[in-house]
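Input sequences plus hints: build the corresponding full structure.
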Amino acid sequence: MAEGIYKRKRKTGGYTYQAKIRKGKKTVVSRSFDSFAEAKAWHAEMMAKLNRVSILFRVRRISRLRGG
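If you're matching positions, the sequence shown starts at 187 in the working numbering and goes up one per residue.
Worth flagging that the hints you see were computed from the coordinates, not collected in a lab.
Predicted, not measured: the structure shown is a model, and the values here were computed from it.
Quick reminder that beta carbons are idealized off the backbone N, C-alpha and C, glycines included.
It is possible that part of the hints are untrue.
Okay, the calculated beta carbon distance ranges per label pair [as the list claims (entries may be wrong)]:
1. 238 - 208: 16 to 22 angstroms
2. 235 - 197: 29 to 35 angstroms
3. 216 - 238: 15 to 21 angstroms
4. 202 - 230: 14 to 20 angstroms
Restricting the straight-line Cα-Cα distance to at most 30 angstroms, the calculated cross-link-like pairs of lysine-lysine (BS3-like) are [as the list claims (entries may be wrong)]:
5. 212 - 235
6. 209 - 193
7. 195 - 235
8. 195 - 206
9. 206 - 235
10. 226 - 197
11. 195 - 211
12. 211 - 197
13. 211 - 193
14. 235 - 209
15. 235 - 211
16. 206 - 226
17. 195 - 209
18. 193 - 212
19. 226 - 211
20. 212 - 226
21. 195 - 212
22. 195 - 226
23. 206 - 193
24. 193 - 235
25. 209 - 226
26. 193 - 226
27. 212 - 197
See the structure below:
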């Protein structure tokens, strides 16, 4: 399974997939999908976006302000 994609069981039966991007212990972005392929595509897209914008660095800075 690709990093950051979690399979969740639904009460109504079936599964839902949650794509998460984490930095250290903090979740930067997350979203749920019905299909694994969808989650994977979104995850890859967001990773590319975050690496460009490097929100990841910003998150680190913010967490430092909070004394994390």
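Item checked: Unsatisfied constraints (hint numbers, rising) -> No numbers; nothing is violated.
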